[in-house]
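Quick note, the sequences are listed as chains A and B, same order. Per the numbering used here, residue 1 is the first one in the first sequence, and the count goes up by one each step. Per the numbering used here, residue 558 is the first one in the second sequence, and the count goes up by one each step.
Read the hints as simulated data drawn from the structure, not as lab findings. All figures in this text were calculated on a predicted structure; none of them were measured in a lab. Any given hint could turn out to be false.
Estimated spans, in silico, between C-beta atoms of each pair [claimed, not checked]:
#1 B:G997 / A:R435: 56 to 62 angstroms
#2 B:K1058 / A:Y539: 35 to 41 angstroms
#3 A:E524 / B:G871: 40 to 46 angstroms
#4 B:S919 / A:S45: 26 to 32 angstroms
#5 A:A182 / B:P892: 24 to 30 angstroms
#6 B:Q1095 / A:S45: 29 to 35 angstroms
#7 B:K896 / A:Q284: 50 to 56 angstroms
#8 B:R1091 / A:Q284: 39 to 45 angstroms
#9 B:L675 / A:D223: 54 to 60 angstroms
#10 A:S45 / B:K1102: 20 to 26 angstroms
Restricting the straight-line Cα-Cα distance to at most 30 angstroms, the calculated cross-link-like pairs of lysine-lysine (DSSO-like) are [unchecked claim]:
#11 A:K339 / B:K896
#12 A:K111 / B:K1086
#13 A:K547 / B:K993
#14 B:K683 / A:K546
#15 B:K1018 / A:K529
#16 B:K1018 / A:K533
#17 A:K339 / B:K1018
#18 B:K1086 / B:K1018
#19 A:K461 / B:K1104
#20 B:K943 / A:K108
#21 A:K386 / B:K1034
#22 A:K547 / B:K1034
#23 A:K501 / B:K1034
#24 A:K354 / B:K993
#25 A:K87 / B:K1058
#26 B:K1068 / A:K477
#27 A:K547 / B:K1068
#28 A:K461 / B:K1018
#29 A:K87 / B:K645
#30 B:K1090 / A:K501
#31 B:K896 / A:K377
#32 A:K546 / B:K1018
#33 B:K1058 / A:K511
#34 A:K339 / B:K993
#35 A:K529 / B:K1068
#36 B:K934 / A:K339
#37 A:K545 / B:K1018
#38 A:K533 / B:K934
Every residue, glycine too, gets a C-beta built ideally from N, C-alpha and C.
2 protein chains.
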Amino acid sequence: MSTKEEALSVFALGGLHEIGKNMYAIQYGEDIVIIDCGNKFPDESLLGIDLIIPDITYLLENKNKVKALIVTHGHEDHIGGIPFFLKKLNIPVYATRFTLGLIELKLKEHKIFRESELNEINAKSKLTFNNISIDFFKVTHSIPDCLGIVFRTPEGNIVHTGDFKFDYTPAKNEHSDIHKMAEIGKEGVLLLLSESTNAERRGSTPTEQIVGEHVDEAFIKADRKVILSTFASNISRVQQVVDAAQKTQRKLALLGRSMVNVVQVAMERGYLSVPDGMLIDQNQINDLPPEKVAILCTGSQGEPMAALSRLSTGNFRGVEILAGDTVILAAGPIPGNEKAVTRIVDNLFTIGAKVIYGSGSSSGMHVSGHGYQEDLKLMLTLMKPKYFIPIHGEYRMLHHHRLLAESVGVELGNTFIINNGDVVDIKHGEARQTRKVETGNTYVDGIGVGEVGDIVLRDRKQLSEDGMLIMILTMSKSEKKLVSNPDTISRGFIHMKESEKLLNDINDLIKKTVNELPESSRNEWHVIKKHLKRTVGQYIFSHIKKKPMILPVIIEV
Amino acid sequence: MSTKEEALSVFALGGLHEIGKNMYAIQYGEDIVIIDCGNKFPDESLLGIDLIIPDITYLLENKNKVKALIVTHGHEDHIGGIPFFLKKLNIPVYATRFTLGLIELKLKEHKIFRESELNEINAKSKLTFNNISIDFFKVTHSIPDCLGIVFRTPEGNIVHTGDFKFDYTPAKNEHSDIHKMAEIGKEGVLLLLSESTNAERRGSTPTEQIVGEHVDEAFIKADRKVILSTFASNISRVQQVVDAAQKTQRKLALLGRSMVNVVQVAMERGYLSVPDGMLIDQNQINDLPPEKVAILCTGSQGEPMAALSRLSTGNFRGVEILAGDTVILAAGPIPGNEKAVTRIVDNLFTIGAKVIYGSGSSSGMHVSGHGYQEDLKLMLTLMKPKYFIPIHGEYRMLHHHRLLAESVGVELGNTFIINNGDVVDIKHGEARQTRKVETGNTYVDGIGVGEVGDIVLRDRKQLSEDGMLIMILTMSKSEKKLVSNPDTISRGFIHMKESEKLLNDINDLIKKTVNELPESSRNEWHVIKKHLKRTVGQYIFSHIKKKPMILPVIIEV
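Just chain A, same shape as in the assembly (with noise of 0.2 angstroms):
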């Protein structure tokens, strides 16, 4: 055990500056509990990377103290990278039922469910880790039993939202415990951690009542199939399609492994209702008349390989969608994926498709999960934090929510906008940001885990712009001289059929560079290819504007 001052810290390894993989630690001396461990998809400039992960390398080398990690809820961005962290470092792992399933799900798929240690907490849990007591309250999202978090330590109280919105009339079960949140507010809290997501969106956050409502009018308008696609987590609107196809006469298909597996997590444990007889298999639909079948789908952020882009291109086995067919796009495109979507929303109404779509909330058919302005000032002013930590967002997000704060009576100068990494320190309810700890990206790519690098990342940007050209030399080791024509490959640069003119131009460079070199320099390889690499590279971008890899090969013989 330390012998130092015991202090209060607290820092993210995910989620700050950024939307995804969200990871926040609270340390008070030699204990260290986690909450949440999320994934974040790539863009377009990680070129093959699949998957980004929190760096843990702090918690690797204070393994002893990380006690605990807890979920807020389910989705990508809180579980997706669990099952990477528990293969490094296999902590005890508390979650509700709903949470706990769709990660057993994950932990499965890796193949390392058994040897996990799942503990299942409600919004009543107490837990306790030396001197962190944790207990918790209820939250609205888009995704059932989510919770906040409240962890009393010596040094005072400090509260984390989780993902949430307030919703007066949500799904059943899923009301905010703001009766709670006000007695925590009042018992004083040192410092909050609040989820920024909509922190430049004024107003406060549609009901998802709205959506019940439109979905249930474009069920009845529909005089043919209905497909509805939104994300698979989002159970009370998933319910809501149930009810429309219920109150239609209509037999429900869930199509995408998502879905269905959701979905099934969801009705084992008590989260939807569906009547007995109406899920069917996607080989019945073609048996039904087409305005008895509803079919519910992965695919609203138009991933190329879910159900509703294949649907839209024909490319689903067995299941078409035909002109009159209702598609309701009921989830708004995440930010990068508008393209994709409006693709698949071109591909639909060219057969004919009536289809249902809009950004953002406009079509009725999506509200958002994360609270706007005033629902983020209401948790401010129920809390009352001295202390305040806008998480969750990129900059400015964070720098709007900081705004919000002020509003509502944080003292200016008490708000910390800090970055994944950063440590802020509290002692004598005094908070001080101070040190860093090490962070970053992880960037899984197939079944490799942190194995590619930035050298990797380079080489492949190169490769995608421009392509690569092999120059392959064939020189003997006693005369150092090249014994035959130099052979050039290329690949992903100019089709070699129709470029032979420029690759044998390319050749007689090779030859007159080698041959032009002073023969001690010939002898050294390395030196031989640096210049290969300079004159053809020089040769090729001052005739076609072009910087392939150049890759020299020589073969000693």
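We have chain A; now place chain B onto it with these hints.
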């Protein structure tokens, strides 16, 4: 001359089922007149491609028929393909004074200005090419000097709207000639081609005046530098910035090559009035108090090499954005650019700048140049066409435009939603979609045009995702066996230094594969290569779930 009965045909070589590379053609008998020749920017799947331009094979095959290129206005998606087109087919170009100024910049850059035949027209011009006679009408858009076109043929009149909106309080001289449109409609329109960009948006396009008021307000409020970024070609917005600078006694600096060039064209040709002494050079900015400076710059779409992006990261030599400066993004992000733009906004907030931004017109700093549904209905109502082809849009936009046409009285079945290359023939007053002409995308990569085909792009895609593995085998021609250890080189695949074991295993596998081949196959290099590709590919995929490009090279000694 043809002995067949003359027919009237209409088709597009670009601009349908896409935003960009607009190019339409009207053919009557032996005469073809082209409208616009734009480019389009590639999406992320077209790795390394700089530009896309229309495939003009059909026009090259009918060289002698192509009489003229008429340009409706100076946006890139209408003029960006002109230099490439004229290099292949040097026909006379007709455009207004401002549009010609922008075309000239391009032709000079491509060094073909001298040999090009440019003709200035205005809304009162009349042109005749045998049986096609042409006149024009003024339309309002987001660039000066825009035209709609009327083609009078023995078969009837065709109207092409160009890009337009109705704005009753536009910048000076940019009113639509609504009276002339009414006359044209009264005279009778056989076929209307009208742009569809905003056919999904309800209501009317807001007036540009709103932006002026918001710009003034922001300039008055700002107590330090103001930096405003917009499309250089939006001269009426540039004029509003000039006016606001004058009202607040600021000097104005222009940053970014296209801003400097386009403003110069606009001033020289009388489309922009800038008070004497207002413009300053960028190196004078730091000599003035910040409240006396405004900067107008490129980069409103988040382009990484443009002025705004470089300013936001502190990489613009000699000019800095500082805490307290006001930065205005006076252009909506084009779909696909959202993330790049928000990255800049984040950087600016980090600096401490006041940033005025927002999607679409929500900040009041941008209005669209394309008519919303009520504008499109007004055009359809004025023109009263018998037949209608919605142009300039992706499928869902064309689809909605058709619904609008039906709502104002165009007969069901008289709207043709066609694709690039589809020909609508009109004979004896009856329109029918008949044949197809060759068309497609021509890729510009470096200075090469059309050299990058699908094979090269497919290779780039594979290289970008999983990189490349090159295996070099030195084999004895006489003994048909490996004479040394194979050499394995990877780029963009895995980091070689950190993956020694995998590479060693692959080397062993190569030796095993070659040695186990029957001697008869070992003689045929392509058989060895095929086996190696398969075996090594499977090995890598089963071990690390990657599919690099595998390139076996055999050196014969």
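Hint-by-hint comparison with the structure:
1. B:G997 / A:R435: 56 to 62 angstroms: holds (58 angstroms)
2. B:K1058 / A:Y539: 35 to 41 angstroms: holds (38 angstroms)
3. A:E524 / B:G871: 40 to 46 angstroms: holds (41 angstroms)
4. B:S919 / A:S45: 26 to 32 angstroms: Check passed, 28 angstroms falls within 26 to 32 angstroms.
5. A:A182 / B:P892: 24 to 30 angstroms: violated (43 angstroms)
6. B:Q1095 / A:S45: 29 to 35 angstroms: holds (30 angstroms)
7. B:K896 / A:Q284: 50 to 56 angstroms: violated (41 angstroms)
8. B:R1091 / A:Q284: 39 to 45 angstroms: holds (40 angstroms)
9. B:L675 / A:D223: 54 to 60 angstroms: Holds, since B:L675 and A:D223 (Cβ atoms, about 57 angstroms apart) stay within the stated range.
10. A:S45 / B:K1102: 20 to 26 angstroms: holds (22 angstroms)
11. A:K339 / B:K896: holds (12 angstroms)
12. A:K111 / B:K1086: Not OK: A:K111 and B:K1086 at ~36 angstroms, beyond 30 angstroms, violated.
13. A:K547 / B:K993: violated (38 angstroms)
14. B:K683 / A:K546: violated (45 angstroms)
15. B:K1018 / A:K529: holds (27 angstroms)
16. B:K1018 / A:K533: holds (24 angstroms)
17. A:K339 / B:K1018: This hinted pair holds, its Cα atoms lying about 19 angstroms apart.
18. B:K1086 / B:K1018: Given that 30 angstroms is the threshold and the Cα spacing comes to 22 angstroms, the pair holds.
19. A:K461 / B:K1104: holds (17 angstroms)
20. B:K943 / A:K108: violated (63 angstroms)
21. A:K386 / B:K1034: Judged against 30 angstroms, a Cα distance of about 81 angstroms means the pair is violated.
22. A:K547 / B:K1034: violated (35 angstroms)
23. A:K501 / B:K1034: Judged against 30 angstroms, a Cα distance of about 29 angstroms means the pair holds.
24. A:K354 / B:K993: holds (28 angstroms)
25. A:K87 / B:K1058: holds (22 angstroms)
26. B:K1068 / A:K477: holds (24 angstroms)
27. A:K547 / B:K1068: violated (34 angstroms)
28. A:K461 / B:K1018: Distance of about 10 angstroms is within 30 angstroms: holds.
29. A:K87 / B:K645: With Cα atoms ~61 angstroms apart, A:K87 and B:K645 exceed 30 angstroms; violated.
30. B:K1090 / A:K501: holds (29 angstroms)
31. B:K896 / A:K377: With a Cα-Cα distance of about 27 angstroms, the restraint between B:K896 and A:K377 holds, given a limit of 30 angstroms.
32. A:K546 / B:K1018: holds (17 angstroms)
33. B:K1058 / A:K511: Violated - the C-alpha atoms of A:K511 and B:K1058 are around 35 angstroms apart, more than 30 angstroms.
34. A:K339 / B:K993: Holds. A:K339 to B:K993 sits at ~28 angstroms (cutoff 30 angstroms).
35. A:K529 / B:K1068: holds (27 angstroms)
36. B:K934 / A:K339: holds (27 angstroms)
37. A:K545 / B:K1018: Holds - the C-alpha atoms of B:K1018 and A:K545 are around 20 angstroms apart, at most 30 angstroms.
38. A:K533 / B:K934: Violated - the C-alpha atoms of B:K934 and A:K533 are around 60 angstroms apart, more than 30 angstroms.
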